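Fit chain R to the known structure of chain C by using the hints.
2 protein chains.
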Amino acid sequence: MKTLITGGAGFIGSQLADYLLSEGHEVTVIDNLSWGKKEFLSHNFKNPKFKFIKLDLLDKNALTSAIRKATDTVFHLAANSDIMRGTIEPEIDLKNTTIATFNLLDSMVKKGIKKIFFTSGSGIYGDVGETYTDENFGPLLPISMYGATKLSAEGMISAFANLHDMQAWILRPANIIGPRATHGVIFDFINQLKENPKKLKVLGDGSQSKSYLYVSDVIDSVELVWKKSKEQVNIFNISSKTFVTVKEIAESVVKEMGLEKTKIEYSEGSRGWKGDVPIVRIDNRKIEDLGWKINYNSKEAVRKTIRVLLDKDGDGKV
Amino acid sequence: MKTLITGGAGFIGSQLADYLLSEGHEVTVIDNLSWGKKEFLSHNFKNPKFKFIKLDLLDKNALTSAIRKATDTVFHLAANSDIMRGTIEPEIDLKNTTIATFNLLDSMVKKGIKKIFFTSGSGIYGDVGETYTDENFGPLLPISMYGATKLSAEGMISAFANLHDMQAWILRPANIIGPRATHGVIFDFINQLKENPKKLKVLGDGSQSKSYLYVSDVIDSVELVWKKSKEQVNIFNISSKTFVTVKEIAESVVKEMGLEKTKIEYSEGSRGWKGDVPIVRIDNRKIEDLGWKINYNSKEAVRKTIRVLLDKDGDGKV
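Going down the list, the sequences are from chains C and R. For the first sequence, position 275 (counting from the first letter as 1) is numbered 357 according to the numbering used here, and the numbering increases by one without interruption. For the second sequence, position 117 (counting from the first letter as 1) is numbered 199 according to the numbering used here, and the numbering increases by one without interruption.
Just chain C, same shape as in the assembly (with noise of 0.2 Å):
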């Protein structure tokens, strides 16, 4: 089957590439490398069935005819995935978000392709504590350019693929973690003690309190839900049902880092920043009744993270 993944060169792109490939199907790769890497992808590049193409879906008339006709799938994770970032500088979002998520839709349709697959993200919730998210929960606040846009992101998919006969699957997931990962709590703290080892600065009291996925299990999840779901718009969290401070990460980076005599400093207040989540609660089980099944809970998927960003777990691939 011909797919194409946009931010196919990314953390979970390319890993979703490298999963398509391993089934038999036909990857185009499109990415702005502005997250991604090539090395990523470098082991695909003899690969008869892998084509990577370095766009910006800003650019609509070269994505246009980038697509090609016969392409059955289009894995959208293309996004700016800072969330932090975006709330300094909030046109990111809208651009790398909600227009490039609407330039590819209305190339898809003059191309007359008819089924997309999007990482949307819990930040759609927005900030409600405790409470347990489902996939009906209402109403949607989100507390950051990153969930706002996600929004507007599957608010067109549904409107299109009603306008034109498509079909959808939009994953909400929890935070993804693992090899490969350009960004994020983990990969922050691990540079910030490469540097200096006697001190980590935490943003936030160190109380956010997250459900962490291994990026392996995301994986699973795609299969899962593009094979067996078949409503014309099929929304799922994952999440597992468990969760780790931002707190037992620090010090997990720390005891895995081999360091006795750093000082955690944080900072006051529960979020990490203001569009920052601090609670994320998210409800799995309409994933789970489609037979989803985590390899990771939170805890052994931070611990695997820490390991496989510090090399100490092999090389990095899932």
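These are computed hints drawn from the structure, not numbers from a lab. Treat the hints with caution; some may be incorrect.
It does not matter which identical chain is meant; a pair holds if it fits inside one copy or across any two.
Stated by the list, open to error - List of simulated lysine-lysine pairs, DSBU-like, C-alpha gap at most 30 Å: (1) K192 to K177; (2) K142 to K177; (3) K356 to K192; (4) K356 to K151.
A quick note: this is a predicted structure, and the numbers were derived from the prediction, not measured.
Just chain R, lined up with the frame of chain C:
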């Protein structure tokens, strides 16, 4: 109080301007005059508390310059309001609703303006048949770019409210009709029959059943919501509990125009066009609990609108 109305030369915006002026507020209207008309405002041009600026919200620099720092509340009504057009030219909604709203929010931040009132729409709920949607309804699966981009605007308003300590009031109204309407089903039927009294073409089989609100009832709700609801983000459906079918509207227009031999031609299918929601049922209990009382049920609103647009009921002023 200094107020700003985007889309303030339009059907609803111009009547909101009249109301705010009558309450003693200063009103600056920004409108690109794509749907809006200067003559809707001409009676205010000599009022020292009124100012009109022809401006497109897509011109961000001009917009930021035009907004006065001392503005208390921005009433954001500018949008693409032609749902059908957006199904053929989806970029119209992306630009005039999503990007325009982003530009406005960003300009408000630059000028330190903290309050925004936004007219969203029941289109965000998508096509859910006879289900009554309350403000917490989900999932939100709009079937038109109109619905999708109104949802995107809600999301961005919510994000900006959190990021910049703003306060927001969001209305989700049913179909609004009345004097100064520039398009919509009644407007269209009257124009068709003025051109050819023998035949009226109806999109769909006429069974579409929706709630219609007379514009003065909407203005009352704006006042109520703006003054009485105090959350950071306040969302209210506005709708009556009554419905009218398109068939009933067609027959009423024919009758009010004194025509006898008009042939009403219906087309196939229960919806007018692909992005049309055929059955709209909106739960209005939240705004009723706030004290809102409508003066016109759907049938009365339709009849009054037909008569006003035919100049049978005064000069079209509210």
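- Classify it for me, K142 with K177: is the Cα-Cα distance of at most 30 Å met within a copy, between copies, both or neither? Result: close both inside a copy and across copies, 12 Å intra and 15 Å inter.
- Item | Within, between, both or neither, where K356 and K192 count as close if Cα-Cα is 30 Å or less | between (39 Å within a copy, 18 Å between copies)
- Can you tell me if K192 and K177 fall within 30 Å by alpha carbon in one copy, between copies, both or neither? both (21 Å within a copy, 19 Å between copies)
- Task: Can you give me the call for K356 and K151, within, between, both or neither, at a CA distance of at most 30 Å?
- Result: between (43 Å within a copy, 24 Å between copies)
When the structure is compared with the earlier hints, no violation turns up for any of them.
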